[in-house]
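Enquirer: Protein chains in written order, with the numbering used here: chain A, 3 to 354; chain B, 3 to 354.
Treat the hints with caution; some may be incorrect.
[To be verified] As a list, the in silico DSBU-like pairs of lysine-lysine whose alpha-carbon atoms are at most 35 Å apart:
hint: 1; chain 1: A; residue 1: LYS267; chain 2: A; residue 2: LYS334
hint: 2; chain 1: A; residue 1: LYS200; chain 2: B; residue 2: LYS301
hint: 3; chain 1: A; residue 1: LYS267; chain 2: B; residue 2: LYS206
hint: 4; chain 1: A; residue 1: LYS267; chain 2: A; residue 2: LYS200
hint: 5; chain 1: A; residue 1: LYS266; chain 2: B; residue 2: LYS200
hint: 6; chain 1: B; residue 1: LYS267; chain 2: A; residue 2: LYS105
hint: 7; chain 1: A; residue 1: LYS200; chain 2: B; residue 2: LYS326
hint: 8; chain 1: A; residue 1: LYS267; chain 2: B; residue 2: LYS200
hint: 9; chain 1: A; residue 1: LYS200; chain 2: B; residue 2: LYS49
hint: 10; chain 1: B; residue 1: LYS49; chain 2: B; residue 2: LYS62
hint: 11; chain 1: A; residue 1: LYS266; chain 2: B; residue 2: LYS105
hint: 12; chain 1: A; residue 1: LYS332; chain 2: A; residue 2: LYS53
hint: 13; chain 1: B; residue 1: LYS301; chain 2: B; residue 2: LYS331
hint: 14; chain 1: A; residue 1: LYS326; chain 2: A; residue 2: LYS105
hint: 15; chain 1: B; residue 1: LYS206; chain 2: A; residue 2: LYS266
hint: 16; chain 1: A; residue 1: LYS266; chain 2: A; residue 2: LYS334
hint: 17; chain 1: A; residue 1: LYS180; chain 2: A; residue 2: LYS206
hint: 18; chain 1: A; residue 1: LYS206; chain 2: B; residue 2: LYS200
hint: 19; chain 1: B; residue 1: LYS331; chain 2: B; residue 2: LYS267
hint: 20; chain 1: B; residue 1: LYS206; chain 2: A; residue 2: LYS206
hint: 21; chain 1: A; residue 1: LYS206; chain 2: B; residue 2: LYS334
hint: 22; chain 1: A; residue 1: LYS200; chain 2: B; residue 2: LYS266
hint: 23; chain 1: A; residue 1: LYS105; chain 2: B; residue 2: LYS266
hint: 24; chain 1: A; residue 1: LYS267; chain 2: B; residue 2: LYS105
hint: 25; chain 1: A; residue 1: LYS206; chain 2: B; residue 2: LYS267
hint: 26; chain 1: B; residue 1: LYS180; chain 2: A; residue 2: LYS180
[What the hints assert, rightly or not] To list a few chain A residues with every Cβ distance to chain B over 10 Å, as calculated:
hint: 27; residue: PRO26
hint: 28; residue: GLN30
hint: 29; residue: TRP31
hint: 30; residue: ILE103
hint: 31; residue: THR123
hint: 32; residue: GLU141
hint: 33; residue: MET185
hint: 34; residue: SER201
hint: 35; residue: SER202
hint: 36; residue: ASP235
hint: 37; residue: ASP247
hint: 38; residue: GLU250
hint: 39; residue: GLN255
hint: 40; residue: ALA289
Since the hints were derived computationally from the structure, they do not count as laboratory data. Quantities reported herein were computed from a predicted structural model and do not represent experimental measurements. Ideal Cβ placement from N, Cα and C applies to all residues, glycine included.
One letter stands for each residue in the lines below.
There are 2 protein chains.
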Amino acid sequence: MLMKTQENMGISNITITGSSAAFPQTGQWMHNRDIHALIFGSAWQEKMQEKKLDPDYYEKVLGFENRFWVHTPGMPILHTELTSADLMLEAAERAIEDSGIAKNEIDFIITVTITSPRYSTSMGPYIAGRLGINAPAIEMKTGCASNIFSIVLSSQIIAGGARNVLITCGETITKILKLNPRMAYAGGDAGAAVVISKSSDPAKGILASYINSNGSFSGHMGVPGLLPPNQFDLEHENYFMEYSDTAEDFLNQAWSEIPEILYKKAGIASQDIDCLIPHQVNKNRTAFAANAANISLEKTVNIIGKIANCGSAGVLLALDDARKNKACKKDKTIMLLSAGGGISWGGLIIKT
Amino acid sequence: MLMKTQENMGISNITITGSSAAFPQTGQWMHNRDIHALIFGSAWQEKMQEKKLDPDYYEKVLGFENRFWVHTPGMPILHTELTSADLMLEAAERAIEDSGIAKNEIDFIITVTITSPRYSTSMGPYIAGRLGINAPAIEMKTGCASNIFSIVLSSQIIAGGARNVLITCGETITKILKLNPRMAYAGGDAGAAVVISKSSDPAKGILASYINSNGSFSGHMGVPGLLPPNQFDLEHENYFMEYSDTAEDFLNQAWSEIPEILYKKAGIASQDIDCLIPHQVNKNRTAFAANAANISLEKTVNIIGKIANCGSAGVLLALDDARKNKACKKDKTIMLLSAGGGISWGGLIIKT
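Isolated chain A (complex conformation) (with noise of 0.2 Å):
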């Protein structure tokens, strides 16, 4: 269940209702090929061909075809554009309607962004006014692995008595990534968000969880420029992601460890599971996630192509998927999985 050292049984009566992903008009589907010409101008199979870099690797090797973007990289921000509340905005009316629960159900309030459009204002109170929701809000965040542990803090909350818990997660990555060959292929914006509920049922439930964070990473992946707002940091580009290769292998250790964890557990195996979710980050990630949780690809959520990586809301706008696309919706075992920045990690099996 919750916590690294406890080892019960998880958490019954607990069902996913709702679920969304938000893309909304006014941003815009780049291709690989609209990122080309960004970076290189409109004479980039010239130009790429020049610097011997293949046109085709981000598809062929990474898994990156399309994704959404409200920013483009390395632009300044511009206060005309969306912003992660936005999206969140968005996400969250659209899983409340999936769900058909009425707001004043919803009794608790999580929003999730690695991207805040605000600096001391917490988007959960914003949120909760923005939708017309009376209800506990917090904004929170562990990485990319932030919507596993509102997950996981949200079956604890209905626990405790809540109906509905509404979890709603925006991301605009574009605004810290640097228009570079390295960067801009990989990371995309969206809204997605998720509805927890109570259910009568004692057989849906969170069977297991885990989570677990270790800030020895911390300096490897993230945006070093100091906040509240400087000039020097400003001048200087410090306000983009950067990410070092060092924090990889440890990556690669916290998303081995987790699906055995899970299954312990559960007391179940990989064949009991119907689909895995896991964050989407390329799709050798995913095939690393299948693998380490002994799941077919087939039975594995791999929608990279249409998104790239939109951090903390990866593992919903799979979620989101899988419940759409998958046939997940009712009466089946999913695993959840993710790691990233923090480096927090962890993974969840629920019966829906």
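Once you've looked at the hints, dock chain B against the given chain A.
Expert: The following block gives chain B in isolation, referenced to the frame of chain A:
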């Protein structure tokens, strides 16, 4: 208990085992006179008289005397200054020491700040890493009531099986204050932490709690500049706290409604409370809270003269003061109250 829609009886077997306040030696203590001199120069007495400002107003009317600053309001943000993470870290070390609990028995970490030193990076794992604790860790915020929310969430997490939850909070309010007479006197910096623990004594626990949020006034209280940082907002000084009196009526109502709800849920009356611990805004707000809770000022913690308004750290600083100076440490019934940005508000009654 947790949800406003819920009328149950609280969570037993929970207590506070450690608390702390952190004001590292590299910051400085500022008296009102020091701020007079900063704003008006060494001839502040003449200057303030010219402008018909009473130098004693801040103490007489609002109760502000001293406060701890790591930064001079309005000056550039420097990499050499203490950050809210430094304050969290020192507070966490002290609270753990105060609790007598081994680091490896802490099963969850919640970091709280409305003035984070970093953008995407969660302070949760960052602080966990610096403490050498391997445990799931998040960063969360919902204005100045964040720590009421974090204690309520901790109680759920403990009910779910955790042994001890560390909540550590750091605020550098000075970095979002302008150096003017309206704002500069009101703000202070601090770290504060608390360890919430499972207890074998069923008489200890949270007798009642209430938390709520309303985003309708988000725009009237907060830092308006967009993130990630951009030149326009930096040039227009948009990364400073703004506060309009429009939110005041709503805040009064929020503060007022909490005690009655708590008394009713807990089934106790005001005379059963040994100590009232309100978020520290100014001395009028403390008196307002005491009046709303029908508790004497003698039983109400008021340390505003020592610390000014330290944002979400205020209620934990007051809690630490109560535990160390008011004989509130053991077998006492204490009420915590807070309302602030978001707007989020709430309170709880805990038998320690």
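Enquirer: Hints numbered earlier in the text: which of these fail when held up against the supplied structure?
Expert: Hint check: 2, 7, 9, 12, 17, 21, 31, 32, 36 fail, others pass.
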